[in-house]
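With these hints in hand, go ahead and build the complete structure from the sequences.
These protein sequences, in sequence, are chains W and L. Numbering-wise, the first sequence is residues 258 to 403 according to the working numbering. Numbering-wise, the second sequence is residues 566 to 970 according to the working numbering.
Treat the hints as calculated values from the structure; they're not laboratory data. No experiment lies behind these values; they were computed from the predicted model shown. Be careful, since some hints might not be right.
Mimicking DSS-like on lysine-lysine, the simulated pairs with C-alpha atoms at most 27 Å apart in a straight line are [stated by the list, open to error]:
id: 1; chain 1: W; residue 1: K399; chain 2: L; residue 2: K615
id: 2; chain 1: W; residue 1: K280; chain 2: L; residue 2: K846
id: 3; chain 1: W; residue 1: K280; chain 2: L; residue 2: K854
id: 4; chain 1: L; residue 1: K901; chain 2: L; residue 2: K698
id: 5; chain 1: L; residue 1: K810; chain 2: L; residue 2: K766
id: 6; chain 1: L; residue 1: K773; chain 2: L; residue 2: K810
id: 7; chain 1: L; residue 1: K810; chain 2: L; residue 2: K746
id: 8; chain 1: L; residue 1: K901; chain 2: L; residue 2: K952
id: 9; chain 1: L; residue 1: K598; chain 2: L; residue 2: K773
id: 10; chain 1: L; residue 1: K753; chain 2: L; residue 2: K952
id: 11; chain 1: L; residue 1: K655; chain 2: W; residue 2: K280
id: 12; chain 1: W; residue 1: K399; chain 2: W; residue 2: K280
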Amino acid sequence: MQQNELDRQLSQIRDRLTGIDRKADNRIFLPCESEHVYEVCRFLFSELGLRFVISTGIDAQDCFEVLHHFSDDESGCVVTVKAFIRDREVPELDSITPLIPGAEWIEREMHDLLGIRFRNHPNLQRLILADDWPEGVYPLRKEVQT
Amino acid sequence: MKEPLRKSVLAVGPFHPLQEEMEFFQLTVEGEKVTDINVRLSYNHRGIEKLSETLQFDQVPYLVSRVCGICSASHPLAYVQAVEEIAAVKPPERALYVRTIINELERIHSHLLWVGLAGHFIGYDTVFMWAWKYREPVLDLLEEITGNRNNYGNVKVGGCREDIPDELKPKILQELDQIEKKTEMLTKAVLDDPVLHARLKGVGILKKEDGIKYAVTGPTARGSGIAIDVRHDDPYAAYADLDWKVISQPEGDVFAKAVVRLLETFESIKMVRQALAKLPKGPVAVDVKEIPPGEGCGHAEAPRGETFHYVRSDGGNRPVRHKIRAPSYVNVPSFKASCIGADIADVTLTLAAVDPCYSCTERIAVVDGHNAVIHDDEELLRLSREKTARIRKDLGAPEMKLEGL
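See the structure below:
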């Protein structure tokens, strides 16, 4: 898909997003509120046929951010869906694993390391942390010192 | 009361002795067939992402080159590309070419390493010995250029640390000729061998649609007809200036993955030759003073697939978040699609075909919960080799000949 074609397609889901940021030639960021993340990812993966790359979970002090990175391999463009989770006490987000089995591990990893619970995840067991790691300690949060 | 029949579980792991990663697969088996797969990993999690937040931007490349000894050129490259994106820095032309040459030499040595190990697991130890012998000169070249056989530490934000001296060019070209000749011989031996055809074709098939669902990359994807390659799709370094092609095979079996890797080795040799011929004059680095606030994504095609790095900066001298995704992280779970329904004797090989997991076989143990029969790694290796020997006998094929050694 050409760049302008990709832009045109993305404008279809404009009402689910809070912006469309082109930060570099081949990098698009799509910020959105957490309730729309599944729908946006479904559109990118199932309708546009973008490849799922990975997700990044971030402790951004006032909220959590979950970034789902996709790649449009025809144009080489990396499209990143950026979901903001405002509730720091009980961070939750819809899982995209039912849609993309390749996301199973990374969602489990974010659950381990940041304490984000993924709704509808088929198997939200520990992946990274050891069995004897204490409950409620999330190593990738900023309050945990290295 | 009669005890209920329990499932048999095949445990693969948890230690991965050859690579710096640990994985533990539990395969549920029924007789010789695998019916389910469960994975546990992170026994040796090193917390590199968290560690990276404590280092300065220019120290991180040395950290991430230690994510994987074999891919120690592609990780730092993906990272510096992400940082260069944030800082809008363009490295000098010569640096881009030097990066290309080092990354392609890395691919050559990594693919030869895989060919050797794949040979070892099906009982072709001659292939193992020779492939690793041909790999040595590549490591020697890398050592001469960067000072290290692995963990080159040669890229930095804004360019490269070490240049390729012009007087080294003839030696590199001469070695490449030798490597090409030997790889040709190996490829011919593999493609013409009836036993290998019978042993590898139709084994561990990853269908194209499964590959897309599991988001696989690299030779694992290209062996299933998904012709993606970051070098081609989102060209970095000097790849856009070189003449080469993306190798892909539609079958999705172990044989297809072997063919992809062998043919890619020739493309890499071609690329190094072209890059050396075109190597522009000039410096190999520009000064980068500070990294502004922002976020960037860098990706590079490692020998096993796309290596992806996401970096966020708040304007300080350290990344506030650095996400690393190695290709195996998405390639490994595809076993769920390729191993289910397979024979135990083929699991070692199917694991090996994705590349990160050949060493798992060293630690395989089959535990039959009902009969308490325990197979160890040697037993499984034997099963795999016996199957090869059986096929060879059935075909009446002679021992594979490696000519021109």
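Consistency of the hints with the structure:
no.	hint	result
1	K399(W) <-> K615(L)	holds, 10 Å
2	K280(W) <-> K846(L)	violated, 31 Å
3	K280(W) <-> K854(L)	holds, 21 Å
4	K901(L) <-> K698(L)	violated, 34 Å
5	K810(L) <-> K766(L)	holds, 24 Å
6	K773(L) <-> K810(L)	holds, 20 Å
7	K810(L) <-> K746(L)	holds, 20 Å
8	K901(L) <-> K952(L)	holds, 23 Å
9	K598(L) <-> K773(L)	holds, 22 Å
10	K753(L) <-> K952(L)	holds, 22 Å
11	K655(L) <-> K280(W)	holds, 16 Å
12	K399(W) <-> K280(W)	holds, 26 Å
When the structure is compared with the earlier hints, violations turn up for hints 2, 4 and for no others.
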